[in-house]
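In case you want the letters, here they are:
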Amino acid sequence: MRVGVVTFPGSLDDVDAQRAVRIGGNEAVPLWHGDHDLKGVDAVILPGGFSYGDYLRCGAISRFAPVMTEVVEAAGRGMPVLGICNGFQILCESHLLPGALIRNDHRKFVCRDQRLRIENNRTPWTAAYEPGSEITIVIKNGEGGFVADEPTLDRLEGEGRVVARYLDDNPNGSLRDIAGICNERGNVVGLMPHPEHAVEGLTGCGTDGLGFFTTLASEVFQ
Amino acid sequence: MARVVVDVMPKPEILDPQGKAVLGALPRLGFSGVVDVRQGKRFELEIDGEVTEQVLADVHKMAETLLSNPVIENFSVHVEASA
Chain X
1 MRVGVVTFPG SLDDVDAQRA VRIGGNEAVP LWHGDHDLKG VDAVILPGGF
51 SYGDYLRCGA ISRFAPVMTE VVEAAGRGMP VLGICNGFQI LCESHLLPGA
101 LIRNDHRKFV CRDQRLRIEN NRTPWTAAYE PGSEITIVIK NGEGGFVADE
151 PTLDRLEGEG RVVARYLDDN PNGSLRDIAG ICNERGNVVG LMPHPEHAVE
201 GLTGCGTDGL GFFTTLASEV FQ
Chain D
1 MARVVVDVMP KPEILDPQGK AVLGALPRLG FSGVVDVRQG KRFELEIDGE
51 VTEQVLADVH KMAETLLSNP VIENFSVHVE ASA
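One line per chain: the protein sequences are X and D, in this order.
Every letter in the first sequence is one number past the one before it in our numbering, and letter 197, counting from 1, is 197.
Every letter in the second sequence is one number past the one before it in our numbering, and letter 53, counting from 1, is 53.
Hints are computed from structural coordinates only; laboratory data are not their basis.
Every residue gets a Cβ at the ideal spot worked out from N, C-alpha and C, and that includes glycine.
Some hints could be false.
[Stated by the list, open to error] Coverage of chain D stretches by chain X, computed from C-beta distances (three or more under 8 Å per stretch; other residues unrestricted):
#: 1; region: 14 to 26
#: 2; region: 64 to 73
[Said to hold, decoys possible] List time: in silico DSS-like cross-link candidates among lysine-lysine, alpha-carbon distance up to 27 Å:
#: 3; chain 1: D; residue 1: K61; chain 2: D; residue 2: K11
#: 4; chain 1: D; residue 1: K20; chain 2: X; residue 2: K140
#: 5; chain 1: D; residue 1: K20; chain 2: X; residue 2: K108
#: 6; chain 1: D; residue 1: K41; chain 2: D; residue 2: K61
#: 7; chain 1: D; residue 1: K41; chain 2: D; residue 2: K20
#: 8; chain 1: X; residue 1: K140; chain 2: D; residue 2: K41
#: 9; chain 1: D; residue 1: K41; chain 2: X; residue 2: K108
#: 10; chain 1: X; residue 1: K108; chain 2: X; residue 2: K140
#: 11; chain 1: D; residue 1: K11; chain 2: X; residue 2: K140
[As the list claims (entries may be wrong)] The calculated label-pair distances, taken between Cβ atoms and stated as ranges, are:
#: 12; chain 1: D; residue 1: R42; chain 2: X; residue 2: F64; range: 37 to 45 Å
#: 13; chain 1: X; residue 1: G201; chain 2: D; residue 2: E46; range: 55 to 63 Å
#: 14; chain 1: X; residue 1: K108; chain 2: D; residue 2: P27; range: 18 to 26 Å
#: 15; chain 1: D; residue 1: R42; chain 2: X; residue 2: H95; range: 22 to 30 Å
#: 16; chain 1: D; residue 1: Q54; chain 2: X; residue 2: G10; range: 28 to 36 Å
#: 17; chain 1: D; residue 1: V22; chain 2: X; residue 2: P131; range: 40 to 48 Å
#: 18; chain 1: D; residue 1: G30; chain 2: X; residue 2: P131; range: 37 to 45 Å
Construct all of the structure, not just a fragment, from the sequences and the given hints.
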């Protein structure tokens, strides 16, 4: 699969995401925020970082970047889209995912290894995991508190759209310990922690994040 | 020239960690009697020409598409008397 990784001004983890895509057995295609062009990719990753300096609100300016017109349209056709950290914020601001991400309740930037449970493995990003798998990957954010109104939270839970949930300590005040969610169709996934930093034994806290990048290369999606 | 002001505030039910930080700092500086602080944003839009109904409608559109996130924030619009 050809997986595009969008670079916005202020993206930090675009190169790590490209590397994770390659280690996962796919081809990484750099995409530029200013282009109305997805270069014919099969899937898109919006990486972590501080796009547009997080001005106004995290992801609020990026949402209107030229490339996002194409991403929103492709997502509507069912193309797999993964937003990690700042990418998750952009997906919420773009209304591809419900809810919003606000400043951590404890007001500090958090950077640590975080245990998660994968609760939905029916997405193109998580099908490599057994349902209920517990994994440890890095989390690093200042504004990672997931919020939505009660009916929205109930709907996400009821439809099995909570993709990942924090275990042990909730790192940022996210309601119902939600670490990641998907859209109704399941092709758009937003995740606050960083699987792309946990794909190789040499660096990071293990390889538990690799599954997010191998699924697309697996037979199911060929 | 006229000025249209958009005030954006976190919704009452949304946690406001920045307001909490300010609230915590006040007693340390010797200020007492403040029981809650909410922190928002104020946008001052300088308008070329008259503030017509159309201009106000456009500002509302700006406020709901870009200046605020309706999931977590409320906004209000008012015209400021020119100086």
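So which hints don't hold here, by number, going up? Result: hints 12 and 18 break, sorted rising.
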